[in-house]
Amino acid sequence: MRNGPSWFNVTSVALGLAFLYLPIILLVIYSFNDSRLVTVWGGFSTRWYGELLNNQQLLDAAWVTLRVAFLSASIATLLGTLAALVLVRSGRFLGRTLFSGMVYAPLVMPEVILGLSLLLLFVAVDQARGFWTVIIAHTTFAMCYVAVVVQSRLTGFDVSLEEAAQDLGCPPLRTFFSVTLPIILPGVVAGWMLAFTLSLDDLVVASFTTGPGATTLPMKIYSQVRLGVTPEINAISTILVGLVAVVVIAVSLMTKRQEVRRQQDIRLAEAQQA
Amino acid sequence: MAKKPIGPVRRAFAPWEDGNATPFIEFRNVTKRFGDFTAVDDLSLKIYEREFFALLGGSGCGKTTMMRMLAGFETPNSGEIFLDGQPLHGVPPHRRPVNMMFQSYALFPHMTVEANIAFGLKQEGMAKAAITERVAQMLKLVKLEDFARRKPHQLSGGQRQRVALARSLAKKPKVLLLDEPLGALDRKLREETQFELTDLQQDLGMTFVIVTHDQEEAMTMADRIAVMDKGRIVQIATPSEIYELPNSRFVADFIGDINLLECKLTGRNGDSSALRSEIFDCDIEVAQPVEASVGDTVWFAIRPEKVRIGFDKPATTVNRLSGEVWDIGYLGDVSIYHTHIRDEETIRATVANHSRVVERPMSWEDKVWLSWDRDAGIVLTR
Chain A
1 MRNGPSWFNV
11 TSVALGLAFL
21 YLPIILLVIY
31 SFNDSRLVTV
41 WGGFSTRWYG
51 ELLNNQQLLD
61 AAWVTLRVAF
71 LSASIATLLG
81 TLAALVLVRS
91 GRFLGRTLFS
101 GMVYAPLVMP
111 EVILGLSLLL
121 LFVAVDQARG
131 FWTVIIAHTT
141 FAMCYVAVVV
151 QSRLTGFDVS
161 LEEAAQDLGC
171 PPLRTFFSVT
181 LPIILPGVVA
191 GWMLAFTLSL
201 DDLVVASFTT
211 GPGATTLPMK
221 IYSQVRLGVT
231 PEINAISTIL
241 VGLVAVVVIA
251 VSLMTKRQEV
261 RRQQDIRLAE
271 AQQA
Chain B
1 MAKKPIGPVR
11 RAFAPWEDGN
21 ATPFIEFRNV
31 TKRFGDFTAV
41 DDLSLKIYER
51 EFFALLGGSG
61 CGKTTMMRML
71 AGFETPNSGE
81 IFLDGQPLHG
91 VPPHRRPVNM
101 MFQSYALFPH
111 MTVEANIAFG
121 LKQEGMAKAA
131 ITERVAQMLK
141 LVKLEDFARR
151 KPHQLSGGQR
161 QRVALARSLA
171 KKPKVLLLDE
181 PLGALDRKLR
191 EETQFELTDL
201 QQDLGMTFVI
211 VTHDQEEAMT
221 MADRIAVMDK
231 GRIVQIATPS
241 EIYELPNSRF
251 VADFIGDINL
261 LECKLTGRNG
271 DSSALRSEIF
281 DCDIEVAQPV
291 EASVGDTVWF
301 AIRPEKVRIG
311 FDKPATTVNR
321 LSGEVWDIGY
331 LGDVSIYHTH
341 IRDEETIRAT
351 VANHSRVVER
361 PMSWEDKVWL
371 SWDRDAGIVL
381 TR
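As you go down the protein sequences, you meet chains A and B in turn. Position 2, counted from 1, in the first sequence is what our numbering calls 2; the numbers after and before it change by one each time, with no gaps. Position 180, counted from 1, in the second sequence is what our numbering calls 180; the numbers after and before it change by one each time, with no gaps.
Excised from the complex, chain A in its bound form (with noise of 0.2 Å):
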């Protein structure tokens, strides 16, 4: 037996790892560049992050995504529970195989393809393009992802806690929210932090529906750079992945202490009883 990794291991990883994240290390770096060219590395500074709090276009868009993201994916969530609730417990239903297709569907189709299928149907419905509309769109295509995880997580839900909960006399409503919701939950809360990041960095489907007024955080870095990479775009870029960054590693964090203590537990409970 060989003891450590091999070269061609470490060659891989470090490739790999440089393939994901070298623009993304970048992009932060020039962040604290001081020149106002991109390219030019001119010292140290964080003038561009004071910059960006006065920059109040940026800062509409931004609280417009926000508003979006988190409207769009409590949307989406609720939708794409009970869907994903039929999809596991209705059993065969007439039409259940071309349901569960189309609840997917949205997931291998091209942005473009829905982005302008929803214009067209704003249009046709002759509604207002808007803050409304981008909410819509965006709860349509977040929805399957919602569904997706939660689905995963019903499908290991152990049905007789539900029947469990009914003979001692709880009324299947309220078996829902009382035993069925608190142990799905983290499928959902999942599948919310899924929805709001895809809605956080959509910029195709906003671009389709979106009207005066309602510019989304994307639309608007991208309108900019099509005018020359300017660093405020690299700062604000550097607090979103910043900000994702610490929520992802906090989630993961959390589970994996979680999960460490469960299985602590476990053996504490089977030590107790030799």
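If you are wondering where the hints come from, they were derived from the structure by calculation, not from laboratory data. The structure presented is a predicted model; accordingly, all values stated were derived computationally and were not measured. Worth double-checking, as some hints may not be accurate.
[What the hints assert, rightly or not] In the EDC-like style, the derived pairs of lysine to aspartate or glutamate whose C-alpha atoms are separated by at most 16 Å in a straight line are: (1) B:46 with B:80; (2) B:172 with B:133; (3) B:143 with B:192; (4) B:151 with A:265; (5) B:174 with B:49; (6) B:151 with A:259.
[Unchecked claim] Covered stretches of chain A (chain B as the covering partner; in silico rule of three or more C-beta atoms under 8 Å from a C-beta of chain B): (7) 153-164; (8) 256-269.
[To be verified] To give an idea of the chain A side of the interface with chain B (calculated C-beta under 8 Å), a few residues: (9) 167; (10) 170; (11) 171; (12) 173; (13) 179; (14) 182; (15) 183; (16) 186.
Glycine is no exception: its CB is placed at the ideal position from the N, C-alpha and C atoms.
Once you have looked at the hints, place chain B on chain A.
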């Protein structure tokens, strides 16, 4: 066939023998189908108040479906189920006065032991103080006072089983349903719990219906056992009747170990019957009248512990076989002698190991005689 009592009656409790007793639970011609599969087939059954009733059978015999219909998780295709005189049709599970202990225990993983036990009481809208008191009472009953604030995953298998029991007893249901309650426990713990459950049932005076595939479990705990096969009840009787007077080869074979000899009925003489087995070349006399005609094929069934084995030739000419010891199974408390009769058929005889000698008087390939009393075996017609 007239029933004669066998041995002392275990308890002076036998409402099923009283024609006027009203059943507490009644299945009336109940049928349940899943697609093409008939799980329960036109089944009628009466269970009485304070009875410990066992539904026993192999997997797929319909026993679990019976229980789930009683709890309200399945609806019969036809027939009706009554509880305490009331038809249960259309009553949803949460309105039925029965509680169930699930095979998987189905403890709510996100709640503490306390909260699990209190769950049913909260649904009733019981006052907080009363709930606390009842939960404490239940924890004491199952000896888990020190574990009240633990979550289910922090408990061992046996403790989880106790929580499940306490939770299903907390509401003091009219009927407690137990679905393979001891299946997940190891042997020692299972035996302990069997006796605890029986005591508990007597103390609380509730009606218990247990579903199990373990005949030992059913025999130790139940007042009456219903042996089920293919959605039908083959026999309902007390444990000793099921064991000593099985009504068919299926029951005889399912419960315990038994030797079955195919015979022809050669004579009927009042209280006794004469049989002849050609395969074993043996005449058999049984102290039991048989409902069959002379010449019919019947089966003589005898338990291994009722067969005597020895070197001496029995004085009688009936109820005896000569053979050769082919295999000996040493189980510690008893040894099972597999004896070959006429080189092909096997009869098993159990001998209690009275002394601690390792050397047995009988050994492999010894010529031996097997014999039994007139009332040791039973004649089966199906």
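Structure-inconsistent hints, enumerated in ascending order: Going through the list in order, the structure violates hints 12 and 16 and respects the others.
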